[in-house]
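Trainee: Top line first, the protein sequences correspond to chains B and G.
So that you can map any letter, position 82 of the first sequence is 82 in our numbering, and since no number is skipped, the others follow by simple counting.
So that you can map any letter, position 187 of the second sequence is 802 in our numbering, and since no number is skipped, the others follow by simple counting.
Just to be clear, a hint being listed does not mean it is correct.
Dumping the calculated DSBU-like pairs for lysine-lysine here, alpha-carbon to alpha-carbon at most 30 angstroms [claimed, not checked]: (1) K152/B - K877/G; (2) K680/G - K184/B; (3) K423/B - K587/B; (4) K152/B - K411/B.
These are calculated hints, taken from the structure and not from any lab test.
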Amino acid sequence: MKRISKLSSGLYIFLCFAFFYLPILVTVIFSFNSSKSLTHFTGFSMRWYGELIQSSEIMSAVYVSLTIAVLATIISTALGTFTAIGLSKCRKVLREWTLNINNIPMMIPDIVMAVGLMILFSAASINKGYMTMLLAHICFCTPYVITSVYPKVRELDINIANAAMDLGATPWQALWKVIIPMIKPGIYAGVLLAFTMSIDDFVISYFVSGNGVKNISIVVYNMTKRTNPTMNALSTLLIGAIILITVIVNLAPRFKKTRFSKHLSKIAGVLGIILLISVLIFSYNTANLQNTLKVYNAGEYIEEALIDKFEEETGCKVIYETFDSNESMYTKINSGEEYDIIIPSDYMIERLIKEERIQPIDWERLENASNLMESILDKEYDPGNKYSVPYFWGSVGILYDKTKVDKADLKDGWDLLMNPKYKGNLYMYDSERDSFMIAMKALGLSLNTDKPEEIDRAYEWLLEQNRIMSPVYAGDDVIDNMISGNKALAVVYSGDAAYIITENPNLEYFEPHQGTNLWYDGMVITKNCKKTDLAHKFIDFFLDEKNALTNTQAVGYSSCITSAYEEMQKTDYEGVSAYTPRQGNEKDEVFKYQSQKTKEYCATLWTKIKAEGVR
Amino acid sequence: MRFYKNFILPYLVWAGLLIVIPLIMILIYAFTADGNSVLTVSFTFDNFKNILSSAYISVFWTSLKIGIITVLICLVLGYLMAYLIAQFSEKVQTILILLVTIPMWINMLLRTYAWISILSDNGLLNSLLTFLGLEPMSLMYTDFAVILGLVCDFLPFMIIPIHTSLSKMDKSLIEASYDLGANKFQTFKRVIFKLSIPGVVNGIIMVFLLSISSFVIPKLLGGGNYMMVGNLIESQFISVGDWNFGSAISFVLAAIMLVAIKITEKFDKTDE
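Isolated chain B, as found in the complex (with noise of 0.2 angstroms):
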């Protein structure tokens, strides 16, 4: 009986820890994957290691991540202890208060803490980077080390630092030789939490850092949107220095006799003072703005190693930043971040233009402007190309499965969303403005339309679908979930849908006869900047015929450039329709920019729809 359960009590532990270390495991295993799959082992290979130490993005986000949590532990320790002794020793009520205010940021959520906190920062125009993120990760360490020394000091016998100071002592040298070593084990578990906290934050720095100041968590978040198995290189690497560090902790007290504890003091000294050095380094390197560009550029746009070699060309520095989406950009610069250039969308530019966010484009200055196409110039949103020079351009779609959609259904054009046929076996996108468009076509409905009831209907139709085809709202993840196949039907931009046709040849592109949207993203010039020179050769480096072919190659997005355009049609993307999203169809729009009105109407009403789906 006994041993039953014994046994079963080993069990359940083990299973315990397998659900604890499985996913750690995984990650593990994948990071030697040699293809990008995080799903099949196809052979081992240290590929991803070497990309991980050529991504300068991923290792300036480990330096500061390491950086940021020894500073918060070293000031956060100190500052903690030191209110902890004054704590019990000033008045009560004084002692309550404070008490209760350090309580506040560990018993609210960190989210709130986080607002909070980039609130302060904004309102006091305080420049969000390095120093916010490491103000705001000592605020949440300083109440653990608190409520960790507070304790020890409680339990100290005051006499023995009165007798110290009878005995001669200054009060420091009482505090320094006889409180302090007192309350040494307080103090360690107020390391190890400030310790454990800042390096594993992800939302309060989520919220307060910028400026390209990025941790460890925030590149994760940022790349989690395609599958890149760098992240598991990076996170076998940081498993690897944690067990290290476990067992050499534990196996500490077995070489205290040795020499290399005495001097472990000295050694600590000298790795702090190399630590402080290289901080003042880094805050300098960024603080020297003088010949630095900072781009700000939607996620998984770009050719990164183009961004390199334009640094190697002009000898200038680009401070590089991805959104998630124009709006979220516009929210960034809106609370005071500033950037030279931006590369957002055909109405965000319209917005930027009316709101005098950007100045105008000196075309002269461009050298290779006659690469451009001209069919993609002179839109509405910026007539005349006035203040945009056009980047990637395309429309949206639908991606289906040739084995699984039956072909005569596509005449529906955006019904065949609504086609109970393929219940449950379809992704929208998780954009509000593209989920309306897509009713407002099937509607038969212009897609700028700002009248309510129009608006209502469109909310009816997704509702609707909605509720008929339980339809999964994605992100980018609908990239690597069509390439494997897993359901039948999706709404894409063209771009992706040419780099997911290429990857999985059963599925096909078409736009629906009821019209749909075209877009056109575009590079602009803030009006703060000042580098205006260096600005239009970023520009003008894209516009380059052999840069734009290496971009649209990477991206997959139809180029702007005539040269690039036509060889892709002829290499890479040989009869994928995708790559050229359909031109002159009289149904077809451009999005223009929508009034803070409607668009906070249509925000309402997209909260509903998905709120919807979760019952």
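Since chain B is already given, all that's left is putting chain G on it; use the hints.
Mentor: Frame of chain B, contents of chain G only:
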């Protein structure tokens, strides 16, 4: 000893600036309209009225539901785990607790990311099912996936405090209970569980706090149609740009959390 009293001053200034003021600013934003500039203050209740519309209420309801389910699962799994660990010798306990802690040091996003490759439609789990000749299941973008992710990430926060209070327990009390004629079940209910309540309370608060406000796990494992309060706050601040409404939601979330903490702590005190 008066000397040390002043040690508290730097932190008072710090906490005032970086804890109290941000919260006050959330409050100001929550009760005003068009307040991206603080200069034009116009008092309003509209942000809170807006929350009461059915779509947003259901978001709160989903978060509460998911939070409570996660807490319950963590409580059952975590208590059993902590209890079983506490039965081992001290040396083994240290190792086991270390094994529970290690995953917490590994980036939470990376661990969640790994779940995607396990659960996705053509992921490892489904490959295994097909290999065994079973029907593959669609697991991603469901409540199940979200709760699984939450439990996996937050279970250690339940195990550790419970284990701490169990291992601190005076063993002679358990012996005394047996000596006085209580059976195993009675001893557990009246002695062991009662003495571990402080740990249970801590664990429940931690897990509830983390899961109700989480927005990364729902976004990654629940998909775009998964809305929890955290996602709502994120979208208001990052993509919609309505900081006033976002602040109002944050305020309500913080209030819910404080109420939940008070209720749980009361449970602790009445049992004493």
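Trainee: Are the hints correct? Go through all of them and say.
Mentor: Hint check results:
{"no.": "1", "hint": "K152/B - K877/G", "in the structure": "26 angstroms, holds"}
{"no.": "2", "hint": "K680/G - K184/B", "in the structure": "42 angstroms, violated"}
{"no.": "3", "hint": "K423/B - K587/B", "in the structure": "28 angstroms, holds"}
{"no.": "4", "hint": "K152/B - K411/B", "in the structure": "75 angstroms, violated"}
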